[in-house]
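Protein chains in written order, with UniProt numbering: chain A, 1 to 213; chain B, 1 to 852.
In short, the hints are calculated from the structure, not lab data. Treat the hints with caution; some may be incorrect.
Calculated pairs, DSSO-like style, for lysine-lysine (alpha carbon to alpha carbon, straight line, at most 27 Å) [what the hints assert, rightly or not]: (1) A:Lys165 - B:Lys254; (2) A:Lys29 - B:Lys679; (3) A:Lys53 - B:Lys314.
Note that the coordinates shown come from a computational prediction; the quantities given were computed from them, not determined experimentally.
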Amino acid sequence: MSYAYLFKYIIIGDTGVGKSCLLLQFTDKRFQPVHDLTIGVEFGARMITIDGKQIKLQIWDTAGQEAFRSITRSYYRGAAGALLVYDITRRETFNHLTTWLEDARQHSNSNMVIMLIGNKSDLDSRREVKKEEGEAFAREHGLVFMETSARTAANVEEAFINTAKEIYEKIQEGVFDINNEANGIKIGPQASPTNPSLPGSGGAAGAANSGCC
Amino acid sequence: MEFLKSGIKTVLGSTEPGQQPSAAETVEKLVDRVYSSTLLEDRRDACRALKALSRKYRIEVGAQGMPPLVQVLQNDGQDAEIISYALDTLCNIVTSEEFDEEADNPTVSVNVGEQFTEMFIKTPENVSLVMGYLEEYDFRVRRAAIQLITSLIANKTRELQELVLVSPMGVSKLMDLLTDSREVIRNDVLLLLIELTKGNSNIQKIVAFENAFDRLFDIVHDEGCSDGGIVVEDCLILLLNLLKNNSSNQQFFKEGSYIQRLAPMFVLASDVEETGWTPQKVSNFHCMLQVVRALVTPSNQQQVVTACQRVMQKSQLLQGLCDILMSSGVPADILTETINAVAEVVRGDHENQDELSHVMAPSSPPRPAIVVLLMSMINEKQLLALRSAVLYCFECFLYRNPDGQRAVVQTLLPSSTTDVSSLSTGQLLCTGLFSSDTLANWFSAVAIMHTLVDNVALKEELLRVLLATPGGHRPITLLEQCTNLMQQERYRLQSKVGLLMLLSVWLAHCPGAVKALLETQGTMAYLTAQLCANEHDEREYLVQGMCAFLMGLCIQFNDNSLPNQRREDISQLIIKRIGQETFCNKLSEVSRHEAYSRACKQAQIRAKSAGELLLDYEYCKLYKGLEALIAKLVSGFDVDGIELTELTLSSEASALVAQYKGIIRGMDAQIQQLQQSVKELEQQNGEIKQQLGQEQALKSQVSDQITLLKAQLLAATSGTGQTPAPGTTTNNEEELNAARYQTNMYFAENIRLTKELETLRQQLQAEKQRADDASQALKSTQKDQEDLLELLADQEAKIARYEEQLPTTTIATPSAGSESETTTAATNPMPQPTSLIPTNPIEAAPETESNR
Ligand SMILES: Nc1nc2c(ncn2[C@@H]2O[C@H](COP(=O)(O)OP(=O)(O)O)[C@@H](O)[C@H]2O)c(=O)[nH]1
Ligand SMILES: [Mg+2]
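For reference, chain B alone in the conformation it holds in the complex (with noise of 0.2 Å):
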């Protein structure tokens, strides 16, 4: 009863005198408010008031208007006004900032808003009626709409992540937003994807599928480029989003050609040194040096690294970032950047890496770019990031690229014929390595063991490398002076762990470079103290182990051809010395350090100090291959030097794995072989294919012809001989000759026709002749008709003249003439003339013709 009657008062507008009514109370007073009052204008107020409380009173508002707001969000579509109070009031109950209002109290804790947002999004619904709100076209409702669901998924991202993909087209519909020619909904709807394209790759895949490559580079391009305000940068962090890690979105990056957008947005403008690098262009070129790396970053697919590399190239987006490298007046974070960016785009990219081999330097003299890098990768004065930039970008420049190995270790060896008075790569490492600076010697170890990565011939070369001493004696080699140094106590830790890598790389699959350690003063004995010292930092633990690394590199590759430093004698020194088992033990260090790790992840040097610069990436891809093939073979020997395991090898399974290389050998060039003619082949193949192709159009182009000049003969012949028009008998010869051709053709038809003709005369002739002779015949045979007849009445002459003499006759002969007469009737009843002829053999004659 009492709640209802404050709840009147409040609806009322007055209030208790004297007493204020806490936070709790107003609010649920507007609460009633909103939910029981039937005018539109009254919710309207309460709304507005509710929005007003929020910032102060938040945990008040959101605990009991969440459900009232929803409602008015159901119910009250048709006001924009109500809507955007409502939506406003969510947003501030669910956001994760901090207001000013309530910096004071202390009931708000910093994950409040995320608890809220927890309360919100458990009715998927109230996420769909928001989204809902995305379509309406009012200014603070679409906005105030975008607003909170961006502050929902910042809070709650992979919930509201699979809310906005399961609710129908929602990816879709945010995405129209971005076409919004309101400035704000457009900038605050990139804010929103965002937060919604975070680690979801699905959703990135759709975003970039509705055009935003397209949609993006519009606005940074409206927006001025690297000039724009922190819309270019929103766009930059947006597109980084959508291709981090996003294989398929990188291809289609670069099948959309949008690489070729993104490169002449590195052009610095002339005057950049005049106008300078503000804080906002700063920011966007970080992002767009990060969105090229983000396309060649060596953990990407092999085949899109490799792709969106030659388009770098090809769209000359490498050469802006190698003017940026080489211009003044560049800071030095974004110096940094575009260092580890060339790094990447020429990692492992031979045209790429030659490329940068020729970039020069604006010095005078002039020198080449990696001189320069180099240059201040020694230089203790540079800040560790460049410096470490530097080594990065120095090993992928010689990363799978021999020939670029070979032109440092070239400059090094007595027979380069490089001028002195210029620097070269390889004195400077020189330098770096024997400076006093522990960052130089650590940089330059590094940077020349990769020179040495999967290159045996040039670690046979770098063998050959004398330093001159001071003082006029004899000139030592390199490898001997890496091992003078590490010897030394003032060489430093960090430095020892860089000559340690360089060596061990040096000796892996090197015999030769085993023998020559071997021979140097003092390196064995030094490895067996170190192993043997009891020491308890953690960082001495790394080098004992990196010293048993080296020395099992020296048993393992070693060739035996030096006395009493083969492989059994290494290991009677292990075993008496040092003991197998702790050996293997010391070895093991090495992976154990938590510096291996670090630098097993990423080709990348990232060190936040210098104290963390120790292992380098490709030591440990050596590390991780050699290791248990090391502890297998030191454990494996016994205490006489007898090596026990299958990987020391008989002298006949020697033999055999002898005859067997030299098979693969043979195999192998047989494969070039091979390779070299079907490369020929291929290529004979593609010129045969040419010329096929060229006769088959001429011989169509013939053909052509000849229908043509047919037709024209046609034409002539049936204009009966006219002879053809002057245009047309300035032809060429070959139609003349097809012509004659043509002519010949018929006369010869010609003649063959007269022929038949003159055949069917002749037959015409004689069928004339038997019809001539037939008809003779037959006037013959009409002759002797008549004659018969002529002969025929006179026989009847002569009967009628018997018959009157008959009675006499028949007296005489009378039983032969009755029996011939009755016989007659007999036989032949029809009334026919031929009939009374008696059978008179005189009459026989003419009885036959009749029967015919």
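This is chain A alone, in the form it adopts within the complex (with noise of 0.2 Å):
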């Protein structure tokens, strides 16, 4: 199972917006009706496949609730990407986006990838937020934005795939700094050049390389 990278990510969004459930759509190809409120995070991974490398997506599944959002905003810094999650049935859960962004914002490093997630879209009858709204507020606040629905699958393996080719892109561009961890972004072991006898990369490398060069 080796990889040519991997991304850290992380889930926000207020409670029973449906963090979980689209986390074991993407990882389990699963729909849980009910489901357990997360206390806490929860973690998952799954490999993907983006311009022919493997990619292996972790991601960390944060509780939406106020209690726990000191919790949350440790998770920030270490993620590449962030999918910030509302639900398209209630119009509250995206009156608070802008409190998640300015969060994200504040905690994250500059170049987190962050995708704006609509989700339950199959509950179309019961809509309270246009589509329209969501695409205005991404636009406004440059995310990318799609709406999914982690009941019927759609949209949710986009939702993920196209968060991380954001990310893969950047690294392209050379903005993200990939030998520094703490952005989330890890070199698979198959791409690293360094000597496989020496595991250190990411912390130890200052040491390393100091030694080498």
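Both chains come to you apart, so use the hints to assemble them.
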């Protein structure tokens, strides 16, 4: 299971918007109608392919409640991508986006790719937030936007993969410092030019480099 | 006033002659200096003095010094030295460690550090203040801050964890310190993180998210893995904290391929026997094994366990563990823990169980590792922990492993073809069962019991096992021998408990075994006697309860095939000899015993002393499932042997049940068939899809070629029919054919165009004809006109002539002539030549001509 890159993601947004379901749909390809409330943070992972390269996504699903907010904040810094989710059938979850975004921008590294997601697109009859509103918000704040359904799986793959594409492009452009693991990006063992007997790549890299250069 | 005076005196450095100030007074003076001195040097000296005093006079310094020290932290941030004194002093005050200097001070109670901790953190800002100094790069400051926080957490773990969590990026900042290039700092941070992560899964997850696994493995490798010093142990303890009972981190660990980094650490160096196992290496290894177990322990989420077990096999971690099992010179506690780890790595995973079954010990003759392990289990001289571990390992090996269970039972069957000279698992277990060592009896009984769990077929098979008896008497069955042993006085309680568990599991869901037991001599009488006995020992109560349970099973799974031993016969026995209520009371003794709750807790066998080994996890599971049923069943019979409860079914109901069972079986078979066909269809589908893919690939290749050929043809034709270069003519037949086809097409097109041209020519001809005709007509018309003009001129001449003759004629016809003239003038006022033309029948034609 070697990979070219590893990206760390977080999923944020109000409680009940479907963050855990989105993760489950993406990692296990199934929907769980009755889902436990996420306590703190849960982890999930999956491999995807972009540009013919294997990319490992490690995803941390956070709890939306205010009580866990300070815990959630600890995850921004080390993430390369964030899925900011609201529920198209509950306007208040859309109204809270600004707060979420402020929080994310304040605590994350400036290159973090944020994908805005309007979830539960299958419940169109109960829609409270128009698609255009989501698009406008995304445009205004420089986010990528997509409507998804964790239930029908519509656009779920795309949401995760497009975020990865964005990050990948940023790497190609040299925007991300891929040697700094704190950015939520890791080079895979196969792509890494370093001697495999020196497993230290990130933090120990400084010492290793000075040693060999 | 007095206070002020002495304060000044201290600042000035003089003391009252002959009078030693008390510690409290000295501290008071120093505190005052810290508060009031305007000179940094003075405050610094006072802090240094407080630090020196804090070890011997902790209470005095703690009681008065906290506020001024906090004030220093607030105001003197620029001076690293004073800050480090303040932090060190606070650290001495709050630590739970007892200093040598205060050993003879009776006022220092054990929890004085905890009390000062409480005081300090009552103001949460104090903690933030200290956390802030973590970012100070100065060695003394950073280190003192780390140590102070570590002490605070150790004393008030929960409170500090909450404070760190709400402090912005608190955990992340602490994690950053792990990359400090100064080893002392890094090592102190490890200790801090060990305290911080204890029992708090949110902090554990953040620490893991901040790349802790990478950092820790880097350090462990740099420090020489299991041969490394205490830092390696610290890393492993932290790793253990992060993984224990934290499924999110366990998943992350597995997904992040860290098991693959752990696996090579279990490969023992070839010279380990010479270099030996240092105490540090033993500690490190112990932690490594704990880490493995934290990932696959049965209480974890099943999917995590399964996933980790797979990786542990693929990464050869399991193999490494098995190698350790079979190598010599391994310290006993490492060996024991390795056996426990192997147990959990193989539990319920068929491939891993298979791998374990194939491990051979390097003995002569070579024996399967499992046999060697069982030899240790029944060996009286081995340590209790090791023997317990072997049983656990054997249980895990058999767990959900019908093949493994069968293989063990097979070695006991008469048809068994195994070499008599080689020891088999079955033989070993029987040896243990009949040995004079009580523990060997218990271990063996439980081990055999586990070959039967959830396997009715093997329960039937095991009934066929025959044992030779000394003195050439007829051989007896294993079950019979078990009942005999149970009734023997010399067979001790612990052994009996083992046998009762074995028999219970054997009988459950197996009418054949019930029948076999009922046919043995004296067993029912023995059980009845046990239940009637008036025992006072708590452990005897347990045996009574187990006997009751066994009797209950004889009712529950009785197929009524033995006359006088049918369900109602046995219940009559209970009613008349024991009493229903007594029976139910005794039955519940099992779940009331402390051994029961102990065994229910986990699959692993944990016993501090041999006497604690009584009940087994699987037996308790069975008991839990059937206790209520049996109690209800027994109390449901009335004195005449009629079953009253709904649990006993009428014959119609039984028939119905049988019918439904048949239907369910049929449906089961159907489902299996369908599943089979689904599998086949899926396979077919896959094949077809593959074929389709191939076809599509071929198709796109062909169409690419066609496009290419077209382009070539186009190039060829536009080259005005030049013959293509020799290179191109060497193209294959197919291309030629395509070219021919193209040529034919153009040929046909050419013909079509020629035809069309012909038609057009004909059309043109026809048009010309028509045009000629038209011009002909025009010419004749012109001629007509000329003729007419000539005629007209003629007429005019005639008219002139007539006009000359007019006077005579006018007199002759005056009315007609005048009338005609006026009419003409009225209708045609324009002076036109034609208008002048007299209305004469002969001149009618030219008039029509001009009107046209
Ligand atoms: N109809 C529908 N329901 C959804 C969808 N996603 C999540 N849900 C439901 O919304 C509820 C909350 O989902 P959950 O994933 O726990 O939300 P979280 O708090 O953001 O993690 C659950 O009852 C889900 O079944 C979706 O796309 N469509
Ligand atoms: Mg959730």
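Here is what the structure says about each hint:
| no. | hint | result |
| --- | --- | --- |
| 1 | A:Lys165 - B:Lys254 | holds, 25 Å |
| 2 | A:Lys29 - B:Lys679 | holds, 20 Å |
| 3 | A:Lys53 - B:Lys314 | holds, 24 Å |
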